[in-house]
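Chemist: Here's the letter readout for the chains.
2 protein chains.
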Amino acid sequence: MRRFFLDHTPALHEVFTLPPDESKHIGKVLRMQVGESLELVNGKGLVFTAKITDNHFKHCKVGITEKKQFPKDDFHIHIAIAPTKNVDRLSHFIEKSTELGIHEVSLIICENSERKVINTEKLEKVIIGAMKQSKRLYKPILHSPISFDEFIEKHPIGLIAHCYEPEKDSIHKVLTPQNCPILIGPEGDFSQEEVTKATSCNYKSISLGKTRLRTETAALYACAIAKMKFE
Amino acid sequence: MRRFFLDHTPALHEVFTLPPDESKHIGKVLRMQVGESLELVNGKGLVFTAKITDNHFKHCKVGITEKKQFPKDDFHIHIAIAPTKNVDRLSHFIEKSTELGIHEVSLIICENSERKVINTEKLEKVIIGAMKQSKRLYKPILHSPISFDEFIEKHPIGLIAHCYEPEKDSIHKVLTPQNCPILIGPEGDFSQEEVTKATSCNYKSISLGKTRLRTETAALYACAIAKMKFE
Chain W
972 MRRFFLDHTP
982 ALHEVFTLPP
992 DESKHIGKVL
1002 RMQVGESLEL
1012 VNGKGLVFTA
1022 KITDNHFKHC
1032 KVGITEKKQF
1042 PKDDFHIHIA
1052 IAPTKNVDRL
1062 SHFIEKSTEL
1072 GIHEVSLIIC
1082 ENSERKVINT
1092 EKLEKVIIGA
1102 MKQSKRLYKP
1112 ILHSPISFDE
1122 FIEKHPIGLI
1132 AHCYEPEKDS
1142 IHKVLTPQNC
1152 PILIGPEGDF
1162 SQEEVTKATS
1172 CNYKSISLGK
1182 TRLRTETAAL
1192 YACAIAKMKF
1202 E
Chain V
972 MRRFFLDHTP
982 ALHEVFTLPP
992 DESKHIGKVL
1002 RMQVGESLEL
1012 VNGKGLVFTA
1022 KITDNHFKHC
1032 KVGITEKKQF
1042 PKDDFHIHIA
1052 IAPTKNVDRL
1062 SHFIEKSTEL
1072 GIHEVSLIIC
1082 ENSERKVINT
1092 EKLEKVIIGA
1102 MKQSKRLYKP
1112 ILHSPISFDE
1122 FIEKHPIGLI
1132 AHCYEPEKDS
1142 IHKVLTPQNC
1152 PILIGPEGDF
1162 SQEEVTKATS
1172 CNYKSISLGK
1182 TRLRTETAAL
1192 YACAIAKMKF
1202 E
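Note that the protein sequences, when read in sequence, are chains W and V.
According to the working numbering, the stretch in the first sequence is residues 972 to 1202, in order.
According to the working numbering, the stretch in the second sequence is residues 972 to 1202, in order.
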């Protein structure tokens, strides 16, 4: 059944109008008909079955016929990434990590960050597209950018990937299933000072292997390993 | 030191002209000067140190002052992927997997493939860019597209990721470090017939986890797990 995203949580049997984007998709792109069924997800584990009562391409109406709550994962993948200079690279990470099952993305502005401003609205759309694609029921949380220092203060325990000291643990050996944000630095890496700040809190330095990875590739790799380890 | 790619293997002390692309980069983009040193890699584990003897932006000349051979990895990551309808998605996989350390990419045309023709020349350029970025010394092999049947005949042992039977081994449990191509299907998955063909040879069905992944995400995930397991 076709699946659509909903930004509110309707009651059983409620009849309501879908947002313009989804209306257009149903009425114009897919040309779905009155009486056809579809699925709606709210990004919080609820899946609704609904019937189209009006297929107007600007204000499509549906009535909820069924609802079912699905449980959360028992692990939490949280990556804090410095936005890449080229936004497409960050956007690509957001898409892929949503498919892979990430739960939380923080954007951190670091000393070497070349990009300090980012339009999270566009990234939210990427997340919703990838959620539909991958049939995920929980929407990953995307935070607005904050400074590296602020992040460390808010999350005093975690892992930080960087290229400084040669002896570091491999990510898959030290990753824990809860409360363990993985910090991925900007194109020019974290500054030595930032690494010292993090490790003098409760951050462990980690290695992502032998090859030098771009910011978004490093973040994707970390996400893949977490998926493999805990899913 | 700046690193450039070479498609032949010069002798020690040889003086020769670099290809136009690299000449332009050295003479025009970076404005490097006569006497400056640079590194050249041949994609087969050789690293040359060279001095610029002529910095002309169309036919830059260098003389080799040192050469050193680095060993190969003791594992081999080979992914056979059905080219995605949108070429950018395949190109992205090629870039990311090169950074992650892939050794061989085969392109397979399957029953449900929407794209049957592909320009591998452009993908070769993506590989070289990613090699420089990630400081890899061995260039991954990229094969021209062949049919699924031809591939299976050439490689009678491997793993195949698909969405059919519910009980499959997780990729990280069955992946071996050698001679183990991982088959990733097109947007509409492999056909049931293709899966049967593969498993009646020596292919094992594998799962890439709970969420439904796009072709290029599945391939990237497989590559990340192989890197983690063997590197």
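Source of the hints: derived by calculation from the structure; they are not laboratory data.
Wrong hints could be hidden among the right ones.
Copies of the same chain look alike in the list, so a pair counts if it fits in one copy or across any two.
Claimed, not checked - Mimicking DSBU-like on lysine-lysine, the simulated pairs with C-alpha atoms at most 35 Å apart in a straight line are:
id, residue 1, residue 2
1, 1106, 1087
2, 1032, 1015
3, 1015, 1144
4, 1125, 1029
5, 1168, 1106
6, 1022, 1038
7, 995, 1168
8, 1125, 995
9, 1181, 995
10, 1110, 1181
11, 1087, 999
12, 1043, 1022
13, 1200, 1168
14, 1139, 995
15, 1200, 999
Chemist: Hint by hint, note whether the structure agrees.
Modeler: Hint check:
| no. | hint | verdict |
| --- | --- | --- |
| 1 | 1106 / 1087 | both (32 Å within a copy, 27 Å between copies) |
| 2 | 1032 / 1015 | within (22 Å within a copy, 61 Å between copies) |
| 3 | 1015 / 1144 | both (30 Å within a copy, 31 Å between copies) |
| 4 | 1125 / 1029 | neither (43 Å within a copy, 53 Å between copies) |
| 5 | 1168 / 1106 | between (39 Å within a copy, 28 Å between copies) |
| 6 | 1022 / 1038 | within (12 Å within a copy, 70 Å between copies) |
| 7 | 995 / 1168 | neither (50 Å within a copy, 42 Å between copies) |
| 8 | 1125 / 995 | neither (41 Å within a copy, 48 Å between copies) |
| 9 | 1181 / 995 | between (48 Å within a copy, 30 Å between copies) |
| 10 | 1110 / 1181 | both (33 Å within a copy, 15 Å between copies) |
| 11 | 1087 / 999 | between (38 Å within a copy, 30 Å between copies) |
| 12 | 1043 / 1022 | within (26 Å within a copy, 59 Å between copies) |
| 13 | 1200 / 1168 | both (28 Å within a copy, 31 Å between copies) |
| 14 | 1139 / 995 | neither (51 Å within a copy, 39 Å between copies) |
| 15 | 1200 / 999 | neither (42 Å within a copy, 47 Å between copies) |
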